[in-house]
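**Q** The chain contents come next:
Number of protein chains: 2
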Amino acid sequence: MSKTEQTFTPIEKIGRKGLIQKIAEKFDRHGEGMVYGIGDDAAVLGQLSGSHPLISTEIYSEGVDFDLTYTPWQHLGLKVVSMAVSDIIAMNGKPKFLFLNLSLTNKVSVEMVELFYSGVKHGCDLYGVQLAGGDLGAAHKASTVAVTVVGTADTPVYRSGAKAGDAICVTGDLGAASCGLMVLLREKRHFETSGQLVFEPDLTPFEYVVRKQLVPEARADCIDAMKIAGIVPTSMSDVSKSLVSTLVEMMESSKSGCRIYEAALPVHPETRQTADDLEKDIDTFVLYGGEDFELLFTLPEKDVKAFAEQFKDFVVIGKVEPQAHGIKMQTAEGHEMTLT
Amino acid sequence: MSKTEQTFTPIEKIGRKGLIQKIAEKFDRHGEGMVYGIGDDAAVLGQLSGSHPLISTEIYSEGVDFDLTYTPWQHLGLKVVSMAVSDIIAMNGKPKFLFLNLSLTNKVSVEMVELFYSGVKHGCDLYGVQLAGGDLGAAHKASTVAVTVVGTADTPVYRSGAKAGDAICVTGDLGAASCGLMVLLREKRHFETSGQLVFEPDLTPFEYVVRKQLVPEARADCIDAMKIAGIVPTSMSDVSKSLVSTLVEMMESSKSGCRIYEAALPVHPETRQTADDLEKDIDTFVLYGGEDFELLFTLPEKDVKAFAEQFKDFVVIGKVEPQAHGIKMQTAEGHEMTLT
Numbered sequence: 000m001s002k003t004e005q006t007f008t009p010i011e012k013i014g015r016k017g018l019i020q021k022i023a024e025k026f027d028r029h030g031e032g033m034v035y036g037i038g039d040d041a042a043v044l045g046q047l048s049g050s051h052p053l054i055s056t057e058i059y060s061e062g063v064d065f066d067l068t069y070t071p072w073q074h075l076g077l078k079v080v081s082m083a084v085s086d087i088i089a090m091n092g093k094p095k096f097l098f099l100n101l102s103l104t105n106k107v108s109v110e111m112v113e114l115f116y117s118g119v120k121h122g123c124d125l126y127g128v129q130l131a132g133g134d135l136g137a138a139h140k141a142s143t144v145a146v147t148v149v150g151t152a153d154t155p156v157y158r159s160g161a162k163a164g165d166a167i168c169v170t171g172d173l174g175a176a177s178c179g180l181m182v183l184l185r186e187k188r189h190f191e192t193s194g195q196l197v198f199e200p201d202l203t204p205f206e207y208v209v210r211k212q213l214v215p216e217a218r219a220d221c222i223d224a225m226k227i228a229g230i231v232p233t234s235m236s237d238v239s240k241s242l243v244s245t246l247v248e249m250m251e252s253s254k255s256g257c258r259i260y261e262a263a264l265p266v267h268p269e270t271r272q273t274a275d276d277l278e279k280d281i282d283t284f285v286l287y288g289g290e291d292f293e294l295l296f297t298l299p300e301k302d303v304k305a306f307a308e309q310f311k312d313f314v315v316i317g318k319v320e321p322q323a324h325g326i327k328m329q330t331a332e333g334h335e336m337t338l339t
Numbered sequence: 000m001s002k003t004e005q006t007f008t009p010i011e012k013i014g015r016k017g018l019i020q021k022i023a024e025k026f027d028r029h030g031e032g033m034v035y036g037i038g039d040d041a042a043v044l045g046q047l048s049g050s051h052p053l054i055s056t057e058i059y060s061e062g063v064d065f066d067l068t069y070t071p072w073q074h075l076g077l078k079v080v081s082m083a084v085s086d087i088i089a090m091n092g093k094p095k096f097l098f099l100n101l102s103l104t105n106k107v108s109v110e111m112v113e114l115f116y117s118g119v120k121h122g123c124d125l126y127g128v129q130l131a132g133g134d135l136g137a138a139h140k141a142s143t144v145a146v147t148v149v150g151t152a153d154t155p156v157y158r159s160g161a162k163a164g165d166a167i168c169v170t171g172d173l174g175a176a177s178c179g180l181m182v183l184l185r186e187k188r189h190f191e192t193s194g195q196l197v198f199e200p201d202l203t204p205f206e207y208v209v210r211k212q213l214v215p216e217a218r219a220d221c222i223d224a225m226k227i228a229g230i231v232p233t234s235m236s237d238v239s240k241s242l243v244s245t246l247v248e249m250m251e252s253s254k255s256g257c258r259i260y261e262a263a264l265p266v267h268p269e270t271r272q273t274a275d276d277l278e279k280d281i282d283t284f285v286l287y288g289g290e291d292f293e294l295l296f297t298l299p300e301k302d303v304k305a306f307a308e309q310f311k312d313f314v315v316i317g318k319v320e321p322q323a324h325g326i327k328m329q330t331a332e333g334h335e336m337t338l339t
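Chains as they are written, first to last, in numbering that gives the first Met the number 0: chain R, 0 to 339; chain X, 0 to 339.
It is possible that part of the hints are untrue.
[To be verified] Here are the simulated lysine to aspartate or glutamate pairs, EDC-like style, with alpha carbons at most 20 Å apart:
1) K311/R / D201/R
2) K16/R / E290/X
3) K106/R / D64/X
[Claimed, not checked] Chain X is nowhere near these chain R residues, computed Cβ spacing over 10 Å in every case:
4) A137
5) R271
6) F310
It should be emphasised that the hints constitute simulated quantities derived from the structure, not laboratory data. Predicted model, so just to flag it, every value in this text is computed and none were measured. Built from N, CA and C at the ideal position, the CB exists for glycine as well.
Model the full assembly from the supplied sequences, consistent with the hints where possible.
**A** Have a look at this one:
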């Protein structure tokens, strides 16, 4: 808990109008491509000519999707931006404008909202996105955040375009975010039974996995590299849910099957170490964990090498097969299992 | 409570994926101006060339912004669409695409969600809007609805353009929605103390005010008439909050003052009758009530007559003055009061 969080100004003290004013000050009302941002009935954007508008929207509930015990407000602000832009990036798009809705309980102070928006600002700067509007409301029991992001794509890439023979690729590594979540939940249980007043666990040995959980980054770098390499994947999605559910969704939409290789799945050493520490099977995280926000995409075989010259942080994990093949994984021991 | 609401299928029985499928079936994935709607990481819209994109987003919490005791799910669905498109209309825009986020508690059944979306569909048809995407999540204690609407405007109208000498106009009548809310809250208190099992009050004498509360309509008809008459207001906003707060916001943004006339404020006879019945001052509703979703706009004097020939359902309630004048109302008794 930071010092700023220790001062508690109730929102009712400055009112909804005062709070909106404080937020609006942090963001440019007339940024690039924007005629008028925060402050009227609706935001007015510049003309989005020449490419397709993309829109994605998501909702996160306190106690279900985020836990304020171990999530600092500024991290939450950054994370919701990353999660939102990730959907636009996964369509081969460029995120441009962000809209944020918050409904807040009276446990939330002006200082906490300011920390949240400093995280949002950080995210906006990171991805070159502008906050263009939103809404603030009250909630009785749990706070909720809803995010809408607008982007553009010259060539949108869907989940549905994978073709038999394509290589299945994934960026970064998998399982870290869900592994980090389990560490945080374990520390929270310790905290709740310890009688301590402040939640200050030593997370040093889990720095990578906790960071992937609290402040994941959307893979804009991969899309930028694809653009430079002149490569358009046949299908793409972000791994916001688990690898398996993302893969199944992609193959079903593409009316295809696939074979992936367990041995090829990218795992960070710390994720492996932490899984051991937690006495959990690594597959729990790698196959069935969520929130990694890596990109899963399919490329014609011929494009793999060309793309690898441009971008280093991806691996081939398998191959698209005809639909009749089913969705299969060859385990490290050489067995074949069906993924569902 | 309708028969459909009496069957309770838990959402977990068909799962998030099953529920999204049920919803998606009701809506066209490739409607006009839409390349791909519900079902991928983001919606892909057709090019919005030639006019400015407008975006507005709002959040509503159960127990704060809506009460499921007296709000049927299909009415809530229709109302959130009306509230959302009202913001686009208030910018002189045409609403086109809708995005809906729901986070739902386990008190919500598949049947309730279906009723909600039948209301949403009704709203979409009413305003010529297409549902293009959204998100479904879980909530522990209270459900939340967040709505984003995308529209376009050739000539956006802001709150800030009012000029001294302009006529201040308002559509329809004021105060009915908040008066209807008070009736519903009174009936809810009766219900809670009565020991009855089903909330079935006789609302016949309050039909108009209750309808304005539960299923308000956005004033697309006014914008259409302005377009036909070739009239662009100097400023405009919807009366989603109270008349006074909308007026103050408009005059502050326009760096202007104004004088309105209490006697000119449009009030429906049933609102007046119900206020008497509730033993409340009518001003409570007309000046300080919210959710009427009428349009407040300013017109150069010369345009008022021309517009009145095209559109009947508005009245002039006052005049824009220089800022130094302040924001004043002349009461029916001839006194002058400052509005804040």
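**Q** Under the constraints set out in the numbered hints, which ones does this structure not fulfil?
**A** Of the numbered hints, 1 and 4 do not hold.
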